[in-house]
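Using the hints, position chain B against chain A.
Number of protein chains: 2
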Amino acid sequence: MSTDPVDTADVVIVGGGSGGYSCALRAAQLGMSVVLVESGKLGGTCLHNGCIPTKALLHAAEIVESVRSAADFGIKASLDGVDITAVHAYKQKVVDGLYRGLEGLIASRQIRVVRGSGRVVGDHTVAVDLVDGGTSRHRGEALVLATGSQSRTLPGIEIGGPIMTSDLALELDSIPKSAIVLGGGVIGCEFASLWASLGVEVTVVEAAPRLLPTEDDWSSKQLTRAFRKRGITVRAGVALSAARVAEAGVTVDLAGESGPLHADILLVAVGRGPRTAGLGLEEAGIRIDRGFVVVDDALQTSVPGIYAVGDIVPGPQLAHRGFANGIFVAEQLAGLDCVPVADSGIPRVTYSHPEVASIGLTEAEAVERHGDVTTAVYDLGGNGKSRILQTSGGVKVVRAGADGPVVGIHLVGDRVGELIGEAQLIYNWEATADDVAGLVHAHPTQAEALGEAHLALAGKPLHAHA
Amino acid sequence: MSTDPVDTADVVIVGGGSGGYSCALRAAQLGMSVVLVESGKLGGTCLHNGCIPTKALLHAAEIVESVRSAADFGIKASLDGVDITAVHAYKQKVVDGLYRGLEGLIASRQIRVVRGSGRVVGDHTVAVDLVDGGTSRHRGEALVLATGSQSRTLPGIEIGGPIMTSDLALELDSIPKSAIVLGGGVIGCEFASLWASLGVEVTVVEAAPRLLPTEDDWSSKQLTRAFRKRGITVRAGVALSAARVAEAGVTVDLAGESGPLHADILLVAVGRGPRTAGLGLEEAGIRIDRGFVVVDDALQTSVPGIYAVGDIVPGPQLAHRGFANGIFVAEQLAGLDCVPVADSGIPRVTYSHPEVASIGLTEAEAVERHGDVTTAVYDLGGNGKSRILQTSGGVKVVRAGADGPVVGIHLVGDRVGELIGEAQLIYNWEATADDVAGLVHAHPTQAEALGEAHLALAGKPLHAHA
Numbered sequence: 001m002s003t004d005p006v007d008t009a010d011v012v013i014v015g016g017g018s019g020g021y022s023c024a025l026r027a028a029q030l031g032m033s034v035v036l037v038e039s040g041k042l043g044g045t046c047l048h049n050g051c052i053p054t055k056a057l058l059h060a061a062e063i064v065e066s067v068r069s070a071a072d073f074g075i076k077a078s079l080d081g082v083d084i085t086a087v088h089a090y091k092q093k094v095v096d097g098l099y100r101g102l103e104g105l106i107a108s109r110q111i112r113v114v115r116g117s118g119r120v121v122g123d124h125t126v127a128v129d130l131v132d133g134g135t136s137r138h139r140g141e142a143l144v145l146a147t148g149s150q151s152r153t154l155p156g157i158e159i160g161g162p163i164m165t166s167d168l169a170l171e172l173d174s175i176p177k178s179a180i181v182l183g184g185g186v187i188g189c190e191f192a193s194l195w196a197s198l199g200v201e202v203t204v205v206e207a208a209p210r211l212l213p214t215e216d217d218w219s220s221k222q223l224t225r226a227f228r229k230r231g232i233t234v235r236a237g238v239a240l241s242a243a244r245v246a247e248a249g250v251t252v253d254l255a256g257e258s259g260p261l262h263a264d265i266l267l268v269a270v271g272r273g274p275r276t277a278g279l280g281l282e283e284a285g286i287r288i289d290r291g292f293v294v295v296d297d298a299l300q301t302s303v304p305g306i307y308a309v310g311d312i313v314p315g316p317q318l319a320h321r322g323f324a325n326g327i328f329v330a331e332q333l334a335g336l337d338c339v340p341v342a343d344s345g346i347p348r349v350t351y352s353h354p355e356v357a358s359i360g361l362t363e364a365e366a367v368e369r370h371g372d373v374t375t376a377v378y379d380l381g382g383n384g385k386s387r388i389l390q391t392s393g394g395v396k397v398v399r400a401g402a403d404g405p406v407v408g409i410h411l412v413g414d415r416v417g418e419l420i421g422e423a424q425l426i427y428n429w430e431a432t433a434d435d436v437a438g439l440v441h442a443h444p445t446q447a448e449a450l451g452e453a454h455l456a457l458a459g460k461p462l463h464a465h466a
Numbered sequence: 001m002s003t004d005p006v007d008t009a010d011v012v013i014v015g016g017g018s019g020g021y022s023c024a025l026r027a028a029q030l031g032m033s034v035v036l037v038e039s040g041k042l043g044g045t046c047l048h049n050g051c052i053p054t055k056a057l058l059h060a061a062e063i064v065e066s067v068r069s070a071a072d073f074g075i076k077a078s079l080d081g082v083d084i085t086a087v088h089a090y091k092q093k094v095v096d097g098l099y100r101g102l103e104g105l106i107a108s109r110q111i112r113v114v115r116g117s118g119r120v121v122g123d124h125t126v127a128v129d130l131v132d133g134g135t136s137r138h139r140g141e142a143l144v145l146a147t148g149s150q151s152r153t154l155p156g157i158e159i160g161g162p163i164m165t166s167d168l169a170l171e172l173d174s175i176p177k178s179a180i181v182l183g184g185g186v187i188g189c190e191f192a193s194l195w196a197s198l199g200v201e202v203t204v205v206e207a208a209p210r211l212l213p214t215e216d217d218w219s220s221k222q223l224t225r226a227f228r229k230r231g232i233t234v235r236a237g238v239a240l241s242a243a244r245v246a247e248a249g250v251t252v253d254l255a256g257e258s259g260p261l262h263a264d265i266l267l268v269a270v271g272r273g274p275r276t277a278g279l280g281l282e283e284a285g286i287r288i289d290r291g292f293v294v295v296d297d298a299l300q301t302s303v304p305g306i307y308a309v310g311d312i313v314p315g316p317q318l319a320h321r322g323f324a325n326g327i328f329v330a331e332q333l334a335g336l337d338c339v340p341v342a343d344s345g346i347p348r349v350t351y352s353h354p355e356v357a358s359i360g361l362t363e364a365e366a367v368e369r370h371g372d373v374t375t376a377v378y379d380l381g382g383n384g385k386s387r388i389l390q391t392s393g394g395v396k397v398v399r400a401g402a403d404g405p406v407v408g409i410h411l412v413g414d415r416v417g418e419l420i421g422e423a424q425l426i427y428n429w430e431a432t433a434d435d436v437a438g439l440v441h442a443h444p445t446q447a448e449a450l451g452e453a454h455l456a457l458a459g460k461p462l463h464a465h466a
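Chain order of the listed sequences is A and B. full-length UniProt numbering numbers the first residue of the first sequence as 1 and each following residue consecutively. full-length UniProt numbering numbers the first residue of the second sequence as 1 and each following residue consecutively.
The set of hints was computed from the structure by calculation and includes no laboratory data. The structure presented is a predicted model; accordingly, all values stated were derived computationally and were not measured. No false leads were mixed into what you were given.
Identical chains share a label here; the pair holds if one copy fits it or two copies do between them.
Derived DSSO-like pairs: lysine-lysine, alpha-carbon spacing no greater than 30 Å straight-line:
id, residue 1, residue 2
1, Lys221, Lys93
2, Lys41, Lys93
3, Lys229, Lys76
4, Lys229, Lys177
5, Lys229, Lys93
6, Lys76, Lys177
7, Lys177, Lys221
8, Lys93, Lys177
The shape of chain A in the complex, shown without the other chains (with noise of 0.2 Å):
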C-alpha cells in the first residue's frame, strides 16, 4: 500500500483523450477542481492516432486526386509524385497547430495535469505511477474514467512487420506497391481508399456480406460501386482464416478459397477494444462486460461516483460521441438539468472517397422500431454543386410511417460529411419531410440535395422525377 499523501480534487479524470479533456474543460469551467491524469500526449487517439491524422492523410489524397483529375476540370497539371516525408510533416503540423491549441485550453482553466498511469485503487481514488518517476495519489469527489480504446487484432493474426493496425499504418515511410485490407468498416475504408489515392494496389476483405456493415445497405452499395470503380478490389462476406509474414510482404489465406492472396502489407482493421485492462476497475467494484464498463444513463459505473466516458462505454468509438459524454458527466457534477444525446442522434462519417455519413436508423433498423417507413433517394446527379465536383452519390431519407418524423439520413458523396450538421439537426429535431421541404437551400450546393430529398419525401420534388 502507498504511503502517498492523498491529494484531492472535485474531479479526478483518468485519460487524457477526447472525452477526459472535453470533460475536465467544462468541469473546470463550471468551478470545479480537476485533475487529469494522463501518461501521454494530452488528445488521445483522436488528435494523434486517429480523426486527426488519418483526415490529413485523407486531404494529402485528395490533393493528388485533384491532380490527377485536373484535365477533366481543363487544368494542365502533372504529379510528380507522393513525397511521403512532406505529408507527414504536413499532417503533424496540423496536430501539433490543435495539441497547441488544447495545452493552452488545459493551462487557462487551471487543470492540473499529472503525467501518469494512473489505477483505480478504491475510495474514489486513482495512484498513479508517474512519468517522471515516483508516484500520486488522487482522490476525486467524483471519478472518471476515461481510458479510450486500442485497436485489436483478430485471433492467429500477430500483429508486426508488415501484419500492422492503423496505429503503424499511418505513420508508414514508404508507400507500398500493394494492401490488403483487414476489415471494411470505416477504418478500414478509409485507408483503402487513401491507399488507393496513392496508387497502390488494394484488396477489401470484410468477413460481413458488405462493406459498412452497419451503415444503410443502400450507402454499402453505393460506396462499394464508387470503390470498384476506382479499382479496389472488395472482397465482402469472405473471412480470412490466415496471415502470415512472407517473403516481402504478406499471405494470407481466405476461407474456402483456394489460392492464398499476397500483398506488401496487411491492415488489421477489425476494430477497436477498450482500454480498460490493469486498472485496478474491477478491484474496485466496477463492473466490466466483454472489457467495456457498465454505465446507466448518466454514464455512472455500478460504483457511485464514478463514471465513464468514451470509447470505454459500449456504442460508437467517435470522439464527437466522447465530447458529448464528458461534457455531461460534467455538467451532471455540476448539478445542471442535462439530457444525454441518444448513441442513435449521433453523427457517423467514414471520410473515403466519396465519403459516407448518417444519423439516425438505418432503413432496416426504422422497420424494425418504426414497423412502416417511406423512404426517398436523391441522386447527385440531379445537384448542380456535386456536377460540378464531378462527385456521384445521393441522399436517403427514412420516415417512420407515411408522414412521421425522419428517423434516418444517409449520405454517399465526396464532402457529404459536411452535410450531416443539417441532417442530426433534422434527426435530433423530430422533423418531417415538411418541416424542411418547406424551407430553403441555397444554390448551388451540395446540401440542397439534402432539401430536394426531403420535397421528394414530402411527396413534391424539384429537380427530381416523382
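Just chain B, lined up with the frame of chain A:
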C-alpha cells in the same frame, strides 16, 4: 390587335428561369395545365449565365489552387497552365447535363413550352412572338411573371470591348493579365477570386466602404483580409468616375484620385436589374416600382390573378429564392395552405476563396430590430477540419438579447457555403444557442465550428477560450 385564337391553360408563366420553371413543375405536379413561355433556353440566368457556370469556373480555380499549393500537403505537382478552352468545355458539360435533366423533367410533367417572347396584353393573356416565326396567344386562369434579371451598368460606362458584364466575362477565351472589377458585391467578389486564382492581377473597386456591403461587417473584414493576402487589391469606399477603352485595355478614373488605373479588362458588376421593360406590364395595370414588380405577401401583383416570382420581385436575386417563390405560387394556386419563406430566411453564399455565407440578420440589423444582442465568434483556427484544409475564417452567431433565438449566422472560410444548410434550419426554426449546443457535431468536420460557436454563445465553449 392579333387575331390568333386564344389558347387557355390553368397557369401561363412568362419566363423559364428558376422562378418560372419551378412554378411550372410544381403546378403541373398539382394537376394544373401549364404553359411556359420562354424565348431562350429553359433554366435562365442561373443555369446558363449565372450560378452554375460561375461555380464551375470557381471549381476549376479551386483545382488550380490545389495544384499550386500541393507541396504544402506533401504532394509534388506542377501547374502546366490553364487550358481555357477545356475549362469552358468542362463548364459547358456541367450546364448541359443539368439542362438535359431539366428538359426531361419539364417533358415528363407535360408542361407545354412555348418558345417565344411573351407580352402581357390584358385579360390574363400573353401574346407571344414565336422564335420560329409567327405569334400565339395564351390566357391563363393565373399568369405568373418570371422574366428574371440582367446585368446593369452605371451611367457613363458603356459596355463593349474590354468593358464587360459577367455575361461576357464568363466566356472569355483568354485569360487577361490584369482586371479591374467594378463592384465588390457577390458577382464582383466571385470574379475577383476566380481571376486571382488564374494569375490575373485584380483590383476591386467598390463605392461602399467595404466588400459585400450587405453582409455582416465582420464577414467583410475577413474576406478583405483574405483577398489582400491573395494579392487582390481592394479599393473600398472609392467611386469610379469614368471608364474608357484605351490602347490594349481600359482606363479607369477614380473619384478624388490623380492617376487613372489601367487594366486589360473592366468587369462591371454593379448589380442586376429586373427584366420588366417591353412586357406590357404597366399597360396591363401592373404596378412597377423602379423597374421591379410590386407584389403583396402572396406574390400577387396589383392585378388580381397575376403573380411575380424571382429576380423581378424586390429582394435578394437568388435562384433558390426563385425556386421558393415559384413553388409557393403554384401551391397557392392549387389552394394548398402554404407559407412564404421570408427573404431573411433565405441563405446567401458568395463562392469566393474563401467563401462567405449567411442567414438572417447582420449584427447591425439585429441591433436595429431587437435592441440588445449578444454574439459569439468561433475562429476556424480551432477547427480541425479547417486546419486540415488550411483555410481560415470563422463563424459568427448573433442572438437576440441574452438568451433569445439565433437571428443571424455568418460564415467565412473555404467550403463553408455548405454549412449554411444547417444554419438556415437554426435560423428558420428560431432555435436558441442551447438548442444547438446540446447536440453533437461530427468530428472532424467544418460543421463542428457551427456547433462550437453555439456552445460558446451558450456559455460553454469547448474548443475555445471562455
